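J.: With the sequences and hints as input, model every part of the structure.
Protein chains: 2
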Amino acid sequence: MAETISPTAPTAALPMAEPESAECCVPPAGRPSLGAEAAVALAARFKALADPNRLRLLSMVAAGEDAEACVCDLTEPLGLGQPTVSHHLKILVDAGFLTREKRGVWAYYSVVPEALGDLATTLTGQLGSAR
Amino acid sequence: MAETISPTAPTAALPMAEPESAECCVPPAGRPSLGAEAAVALAARFKALADPNRLRLLSMVAAGEDAEACVCDLTEPLGLGQPTVSHHLKILVDAGFLTREKRGVWAYYSVVPEALGDLATTLTGQLGSAR
DNA sequence: TAGCTGCATCGATAGTTGTCAATATCCCGA
DNA sequence: TCGGGATATTGACAACTATCGATGCAGCTA
Chain A
658 MAETISPTAP TAALPMAEPE SAECCVPPAG RPSLGAEAAV ALAARFKALA DPNRLRLLSM
718 VAAGEDAEAC VCDLTEPLGL GQPTVSHHLK ILVDAGFLTR EKRGVWAYYS VVPEALGDLA
778 TTLTGQLGSA R
Chain B
658 MAETISPTAP TAALPMAEPE SAECCVPPAG RPSLGAEAAV ALAARFKALA DPNRLRLLSM
718 VAAGEDAEAC VCDLTEPLGL GQPTVSHHLK ILVDAGFLTR EKRGVWAYYS VVPEALGDLA
778 TTLTGQLGSA R
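Line by line, the protein sequences are chains A and B. Start counting the first sequence at 658; every next residue gets the next number (this note's numbering). Start counting the second sequence at 658; every next residue gets the next number (this note's numbering).
Watch out, some of these pointers could steer you wrong.
Listed next, the stretches of chain B that the computed footprint assigns to chain A, with coverage defined by at least 3 CB atoms under 8 Å from CB atoms of chain A [as the list claims (entries may be wrong)]:
no.	segment
1	738-746
2	774-782
In silico EDC-like links for lysine to aspartate or glutamate, alpha-carbon gap of 20 Å or less [claimed, not checked]:
no.	chain 1	residue 1	chain 2	residue 2
3	B	K704	A	D775
4	A	K704	B	D751
5	B	K704	B	E733
6	B	K704	B	E694
7	A	K704	A	D751
8	A	K759	A	E722
9	A	K704	B	E725
10	A	K759	A	E725
11	B	K704	A	D723
12	B	K704	A	E725
13	A	K704	B	E722
14	A	K704	B	E733
15	B	K747	B	E733
16	B	K704	B	D751
17	A	K747	A	E725
18	A	K704	A	E758
19	B	K704	B	E771
20	A	K704	A	E771
These are calculated hints, taken from the structure and not from any lab test. If you're wondering where the values come from, they're calculated on a predicted model, not measured in any experiment. We put the beta carbon where it would ideally sit given N, CA and C, even for glycine.
T.: Spelled out as structure tokens, the structure:
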């Protein structure tokens, strides 16, 4: 899929070749930019958002009365079973995007706005060509 | 993946079940917050970022000379095989985070800053209880 | 107290993903 | 034209994930 890179056109426009640095694999001049552990931690947060149903859950909670909602409100619109919704909510809580508060029999979930803002900052800051 | 995005078609036209317990389960006003297809599209972008090695690739490309790098530069620091790196890069290109330019034998990848900025905006705007 | 209700946890299973080895393809230099 | 190197593609396999049904637990209510 999408593998057509037009193998003929671009190469013909190439001049003579670079003067000296004809070698491609120059040593990584700067620094590894993003460490392995930091990448794992960041990927874990993205992984929590990498599911359509979890995104909808997050959105529905944010759209609630006081930016909170209980499980029974969320189960039906998604068309998922209650255990599945509970599972997704747990993942979002573990990732720091939601908080859980049990009031009586019901469990109310609310968003953590700083978490999303922090992630957005990391997106544009660390990865957006600004090291 | 095994995600069923709720077979109910238009994502919001739920028949509004009769509220038996007036305490908790009140259907959220009627605004669907995030549609099913929008959630799928957004999740696809997050999924591309939900891997540590892909995040490091993105970061390394962004930290390159002109915010670009070729495959051979990226293979070694990651400790992955060349096909694997190529696979990850393809995923990032398909998600719109990178662009590929073939110069001679080498393939240079560069970041698409608007993609990250756009995603960051969506994060704080659509999900961050701002509506 | 007993029963009921909302939610979490526990296996089990189908589908997806990350990785590698092998191979194909493309391009440059001799 | 041929050989070599850089990259992409294919096939296979292990690991992970999303989902469900069954079950357990806690708190309200009669």
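J.: Of the numbered hints stated previously, which ones are contradicted by the structure, given in increasing order?
T.: 1, 5, 9, 11, 12, 13, 14, 18
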